[in-house]
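For reference, each letter of the sequence shown is one residue, going 2 to 482 in this note's numbering.
Hints in this document: simulated from the structure, not taken from any laboratory. Honestly, I wouldn't trust all of these hints.
[Claimed, not checked] DSSO-like mimics (lysine-lysine), calculated; alpha carbons at most 30 Å apart, straight line:
id, residue 1, residue 2
1, Lys57, Lys118
2, Lys439, Lys474
3, Lys151, Lys24
4, Lys342, Lys162
5, Lys252, Lys381
6, Lys348, Lys474
7, Lys162, Lys127
8, Lys342, Lys276
Computed from a prediction, not measured in an experiment: that's the story for all the values here.
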Amino acid sequence: MKYGLLLIFALVIGMLNTQAQGKVWRIIHLDSFPNTAYTSRYGDFRNILIQGVINKEIKAYKRTGNFADFSHPFTVKELLVRLHQYEAMVQDLVDIRSEDFHTIELQETYDFISVNKPEQQRYQIKSLALFTSNPEWQYLTLMFRYEEVKKYLENAYKCSKKIKSHSFFVACWQSPSNPALQMSITQALERRLFDSRITESRYLSDQLLAQVKASNNPIQPSNHHLIFHPDFFQESDHLFHTKISYHIDLKHLSNAALFQEGQGLIKSIIEGVHKRKITPYFFSEPWNKVVTKPMEPGYYDDYYAYGGFLGMLCYYDDLVQDSLNVPLYDITRVTIQGWLKVDKHKKTTQFRPTRLTLWLPEKTISSLPWPLFWAQFDFKALEKYWRSNAKQMGYWRNKQIAGGLKEIGQLNFADIINEGNFKGEVDWFLNRRDENLKLIWKRFLKRTGLSKTEFPLSKAREYVQVHLDNLMKGDSTATKE
2 MKYGLLLIFA
12 LVIGMLNTQA
22 QGKVWRIIHL
32 DSFPNTAYTS
42 RYGDFRNILI
52 QGVINKEIKA
62 YKRTGNFADF
72 SHPFTVKELL
82 VRLHQYEAMV
92 QDLVDIRSED
102 FHTIELQETY
112 DFISVNKPEQ
122 QRYQIKSLAL
132 FTSNPEWQYL
142 TLMFRYEEVK
152 KYLENAYKCS
162 KKIKSHSFFV
172 ACWQSPSNPA
182 LQMSITQALE
192 RRLFDSRITE
202 SRYLSDQLLA
212 QVKASNNPIQ
222 PSNHHLIFHP
232 DFFQESDHLF
242 HTKISYHIDL
252 KHLSNAALFQ
262 EGQGLIKSII
272 EGVHKRKITP
282 YFFSEPWNKV
292 VTKPMEPGYY
302 DDYYAYGGFL
312 GMLCYYDDLV
322 QDSLNVPLYD
332 ITRVTIQGWL
342 KVDKHKKTTQ
352 FRPTRLTLWL
362 PEKTISSLPW
372 PLFWAQFDFK
382 ALEKYWRSNA
392 KQMGYWRNKQ
402 IAGGLKEIGQ
412 LNFADIINEG
422 NFKGEVDWFL
432 NRRDENLKLI
442 WKRFLKRTGL
452 SKTEFPLSKA
462 REYVQVHLDN
472 LMKGDSTATK
482 E
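Produce the complete structure using the sequences and hints provided.
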């Protein structure tokens with residue numbers, strides 16, 4: 002009898018607790034601001050979750066429509082099959098990528114009895130689901146137990162902080178208003194740092210539902226220009242580093258030592274490739290290592306079935322109806338990418354190049370827009386080549402524009418680039434989307450409603466430099482500890 006009464010009492014308490022909690026279905030669109038703070042080109046939480054399921058470290062479930070229903074788990078085999086879907090546009094099977102899951106659905110309870118609790122503490126997330134935006138793939142929804150993925154993602158986030166080789170924290174949320182603020186994905190979700198829409202609710206009166214919807218107050222950018230703030234790693238309390246890429250116009254007066262009417266840096270690289278002293282590589286994204294697929298030094302590359310390094314210099318001229326080589330003095334675009342170290346105590350910056358990219362003018366292939374990629378090089382290999390061969394030394398033809406450089410004949414191309422003695426413009430910096438500056442600038446114009454004349458691309462470059470200068474002065478803080 003005693004145990005029977007206890008059982009009845011427990012059931013009654015359970016029913017009262019259920020009635021004291023509302024149920025909310027909430028969607029978060031990851032492609033819209035400010036929810037883009039949850040996504041990243043590298044270490045994105047969606048990819049971490051999918052790989053976790055494939056590696057049998059966590060489980061994914063099929064969404065049934067019932068609240069927090071985990072009765073239909075995916076098998077790894079079934080998931081791998083479903084990650085290949087038919088695309089009507091291409092009339093073929095395509096691979097579903099982690100970034101194709103554009104939407105999160107949270108199923109959560111809402112405590113409307115404990116009125117003294119802060120609003121964000123009255124929610125308890127029960128499940129997290131990933132949706133694709135393609136209506137043909139709507140049944141491809143991956144649902145997870147929130148407590149399980151919370152532990153899994155937070156562990157991935159903590160581990161990534163210990164690995165210096167990571168470009169970013171894994172499964173990390175980056176504040177759009179404070180470059181110094183980063184936290185795990187799950188911590189940001191629980192702090193309600195998102196913009197969302199409620200699609201379904203239960204056990205909530207109209208008044209309570211209106212109150213819940215009104216409580217959606219995501220973090221907003223205090224300064225729209227922070228979109229031009231490079232992401233930073235912190236080595237110590239005063240040393241920070243970021244990755245940055247400069248576009249160099251060799252015809253600019255300040256770059257005369259590198260250009261030399263085509264007989265300087267460009268000619269030395271061509272000779273180095275021809276003598277097999279240095280290796281050219283095909284294009285790789287700024288995040289990736291430069292050493293991907295080596296390019297054949299000659300006129301033809303069997304692997305890619307078109308021109309090798311020297312072959313890329315050939316183009317067909319309609320006027321003379323023959324193949325010609327691009328004149329070296331027409332090759333004037335170079336990009337140099339590397340790490341920029343900032344010392345707040347010394348108030349100095351140091352640039353350490355990692356790769357050099359050559360571009361060809363438009364007329365090499367008339368159907369493609371300028372510039373046309375030519376080849377990439379590992380800067381360490383270039384530096385070794387230039388320092389081992391005195392004949393490859395760069396020099397100034399006009400002493401009057403040498404500025405503070407060393408004496409003529411004592412400074413080769415490696416010294417010029419390492420010491421930053423060139424005129425360049427920022428065209429890429431370390432950012433979560435891995436976008437070049439032009440794409441970021443276009444997003445900024447769309448968000449602010451400004452025109453290209455009101456806010457030209459040159460202004461965006463100025464803001465990047467302002468943020469770098471502020472960091473050096475101690476007015477900004479790094480984003481990675």
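Hint-by-hint comparison with the structure:
Between the alpha carbons of Lys57 and Lys118 the distance comes to roughly 38 Å, so the proposed pair goes past 30 Å and is violated. With a CA separation close to 27 Å, the supplied pair Lys439 and Lys474 stays within the 30 Å bound. A C-alpha spacing of about 20 Å is found between Lys151 and Lys24, which places the hinted pair at or below 30 Å, so the restraint holds. Restraint check: the Cα-Cα separation between Lys342 and Lys162 comes to about 19 Å, which is no more than 30 Å; the hinted pair holds.
Between Lys252 and Lys381 the alpha-carbon distance is near 25 Å, which keeps this suggested pair within the 30 Å criterion. Taking the CA atoms of Lys348 and Lys474, the gap is about 6 Å. The hint holds against a cut of 30 Å. At most 30 Å may separate the alpha-carbon atoms for a hinted pair to count; Lys162 and Lys127 meet this at roughly 27 Å. A threshold of 30 Å between alpha carbons decides the hint, and for Lys342 with Lys276 the separation of about 34 Å lies outside it, so the pair is violated.
Hints 1, 8 from the earlier list are contradicted by this structure; the remaining hints agree with it.
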